[in-house]
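Let the hints inform the model, and build the full structure from the sequences given.
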Amino acid sequence: MIEILTAAQVDRARRTGALVGDILHSLKERSQVGTNLLDLDRWTAEMIRDAGAESCYVDYAPSFGRGPFGHYVCTAVNDAVLHGRPRDQRLEDGDLLTLDLAVRLDGIAADSAISFIVGESRPAESVDLIETTERALAAGIAAAGPGARIGDLSHAIGTVLSDAGYPINMQFGGHGIGTTMHQDPHVSNDGRPGRGYQLRPGLLLALEPWIMADTDVLVTDDDGWTLRSETGCRTAHSEHTVAITEDGAEVLTLPSGAR
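Going by the working numbering, the residue at position 124 of the sequence shown is 124; the numbering climbs one at a time, nothing skipped.
These aren't lab readings, by the way, just hints derived from the structure by calculation. Treat the numbers as computed from the prediction; the structure is a model and nothing was measured. For glycine and all other residues, C-beta sits at the position ideal for the given N, C-alpha and C. Be aware that a few hints might be false.
Distance windows between CB atoms, simulated [as the list claims (entries may be wrong)]:
| no. | residue 1 | residue 2 | range |
| --- | --- | --- | --- |
| 1 | A8 | D50 | 16 to 26 Å |
| 2 | S26 | E54 | 37 to 47 Å |
| 3 | D59 | H25 | 17 to 27 Å |
| 4 | E3 | A142 | 17 to 27 Å |
| 5 | R49 | G194 | 36 to 46 Å |
| 6 | A258 | D222 | 30 to 40 Å |
| 7 | A7 | G224 | 32 to 42 Å |
| 8 | A8 | G232 | 43 to 53 Å |
| 9 | S121 | A142 | 43 to 53 Å |
| 10 | P146 | A8 | 11 to 21 Å |
| 11 | P62 | E230 | 39 to 49 Å |
| 12 | Q171 | E46 | 29 to 39 Å |
With a cut-off of at most 25 Å between alpha-carbon atoms, the simulated SDA-like pairs for lysine to any residue come out as follows [unchecked claim]:
| no. | residue 1 | residue 2 |
| --- | --- | --- |
| 13 | K28 | A8 |
| 14 | K28 | S121 |
| 15 | K28 | G232 |
| 16 | K28 | A53 |
| 17 | K28 | G248 |
| 18 | K28 | A18 |
| 19 | K28 | T132 |
| 20 | K28 | L38 |
| 21 | K28 | C233 |
| 22 | K28 | R87 |
| 23 | K28 | R15 |
| 24 | K28 | V58 |
| 25 | K28 | R49 |
| 26 | K28 | F116 |
| 27 | K28 | R122 |
| 28 | K28 | P185 |
| 29 | K28 | G70 |
| 30 | K28 | P146 |
| 31 | K28 | G94 |
| 32 | K28 | E54 |
| 33 | K28 | D39 |
| 34 | K28 | S256 |
| 35 | K28 | M47 |
| 36 | K28 | E92 |
| 37 | K28 | W43 |
| 38 | K28 | V127 |
| 39 | K28 | R14 |
So, in structure tokens, the structure goes:
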């Protein structure tokens, strides 16, 4: 299903997006050396509840996972990149942490992810991974607007990733979003320009370039959810929910202070 939202629904999506951005910003500030991933999950649940919102993850049970996700935020550390299930693990200096969050507020969902380094260390490989996904996300957003094709966005994202020398996995990518978290159209992280669905005002898309340093092969943890690089290399993931407008694409999931 491809859902086109009304102007009133897009306005509600702005509020949801701001909430997602603010929660992620708060979690990043709290992610210090020694912070437990389960505490990040607990804090997320509290912030969602206090906002009168609902989690898109806690009861999420797609075909590729093992039962309901059962947590409120995805916490992927170092070689983990997608669907990182919170566990009893304390962050260490130099860890590359990805937080991925989706919530629904007033019936509209928003989805975003950030990757960053914990503590004082700044490993060059981790910095490059993060910066590359952020540049790819910016390129995808810049290519979005009324009349553009999904392939234009995929091509813009993929060009940044491949020019930086990273392999691209095509199993998971961006997606439509609206009254539910995952909708059509699928937005691959590489593709051919001029192909695919033509974007219209009122369409919401979650764009999410992600990469692994030296492989495009994923392996699944015993928890049935957490996806890691096959080689154990580091990974990064950046995501925003955007609304297609009459003039272009509006990023909805920036924290309030960045608007």
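Status of each hint after checking the structure:
Distance hint check for A8 and D50: the Cβ-Cβ separation is about 25 Å, which falls inside the suggested range of 16 to 26 Å. Restraint check, S26 to E54: a C-beta distance of roughly 18 Å breaks the suggested window 37 to 47 Å. The hinted window of 17 to 27 Å between D59 and H25 holds, with their beta carbons roughly 25 Å apart. Range check, E3 to A142: about 23 Å between beta-carbon atoms, so the 17 to 27 Å window is met.
At about 45 Å, the CB distance of R49 to G194 agrees with the hint of 36 to 46 Å. Taking the beta carbon of each, A258 and D222 are about 37 Å apart, inside 30 to 40 Å as hinted. For A7 and G224, the hinted distance range of 32 to 42 Å is satisfied, since their beta carbons lie about 40 Å from each other. In this structure the hint that A8 and G232 lie 43 to 53 Å apart at CB holds, the actual value being about 47 Å.
Our hint of 43 to 53 Å for S121 and A142 is violated, since their Cβ atoms are close to 32 Å apart. Checked against the given bound of 11 to 21 Å, the beta carbons of P146 and A8, roughly 19 Å apart, stay inside it. Remark: the range hint 39 to 49 Å for P62 to E230 is contradicted by a beta-carbon distance near 21 Å. The beta-carbon spacing between Q171 and E46, approximately 33 Å, falls within the hinted interval of 29 to 39 Å.
As the CA atoms of K28 and A8 are separated by approximately 31 Å, the hinted pair breaks the 25 Å bound. With a C-alpha separation of about 16 Å, the suggested pair K28 and S121 falls inside the 25 Å cut-off, and the hint holds. A threshold of 25 Å between alpha carbons decides the hint, and for K28 with G232 the separation of about 24 Å falls inside it, so the pair holds. For the hint pairing K28 with A53, the CA-to-CA distance comes to about 20 Å; that is within 25 Å, so the pair holds.
A threshold of 25 Å between alpha carbons decides the hint, and for K28 with G248 the separation of about 29 Å lies outside it, so the pair is violated. Restraint check for K28 and A18: satisfied, since their Cα atoms lie roughly 15 Å apart, inside the 25 Å limit. Under the criterion of a C-alpha separation no larger than 25 Å, the hint pairing K28 with T132 is consistent with the structure, at around 19 Å. A threshold of 25 Å between alpha carbons decides the hint, and for K28 with L38 the separation of about 14 Å falls inside it, so the pair holds.
Between K28 and C233, the direct Cα distance comes to roughly 22 Å. Compliance with the 25 Å bound is thereby established for this hinted pair. In summary, the hint linking K28 to R87 is supported, as the alpha carbons are separated by about 17 Å, within the 25 Å threshold. For the hint pairing K28 with R15, the CA-to-CA distance comes to about 20 Å; that is within 25 Å, so the pair holds. Note on K28 and V58: the hinted pairing holds, with a Cα-Cα distance of about 20 Å set against a maximum of 25 Å.
Using a Cα cut-off of 25 Å, the hinted pair K28 and R49 holds, with the two alpha carbons roughly 19 Å apart. Under the criterion of a C-alpha separation no larger than 25 Å, the hint pairing K28 with F116 is consistent with the structure, at around 8 Å. With a C-alpha separation of about 16 Å, the suggested pairing of K28 with R122 holds against the 25 Å cut-off. This hinted pair does not check out: K28 and P185 have alpha carbons roughly 30 Å apart, beyond 25 Å.
For a cut-off of 25 Å, the pair hint linking K28 to G70 stands: about 21 Å separates their Cα positions. For the proposed pair K28 and P146, the alpha carbon gap of about 33 Å is over 25 Å, so the pair is violated. Straight-line distance between C-alpha atoms of K28 and G94 comes to about 14 Å, which keeps the hinted pair within the 25 Å bound. Our distance criterion of 25 Å between C-alpha atoms is met by K28 and E54, whose separation comes to about 20 Å.
For the suggested pair K28 and D39, the alpha carbons sit about 12 Å apart, so the restraint of at most 25 Å is met. Of the supplied pair hints, the one linking K28 and S256 holds, its CA atoms being roughly 14 Å apart against a limit of 25 Å. For the proposed pair K28 and M47, the alpha carbon gap of about 14 Å is at most 25 Å, so the pair holds. Proposed proximity of K28 and E92 is supported: the alpha carbons are some 14 Å apart, at most 25 Å.
With a C-alpha separation of about 12 Å, the suggested pairing of K28 with W43 holds against the 25 Å cut-off. The suggested pairing of K28 with V127 holds, with an alpha-carbon distance near 16 Å, which does not exceed 25 Å. Between the alpha carbons of K28 and R14 the distance comes to roughly 21 Å, so the proposed pair stays at or under 25 Å and holds.
Checked against the numbered hints given earlier, this structure breaks hints 2, 9, 11, 13, 17, 28, 30; the rest are met.
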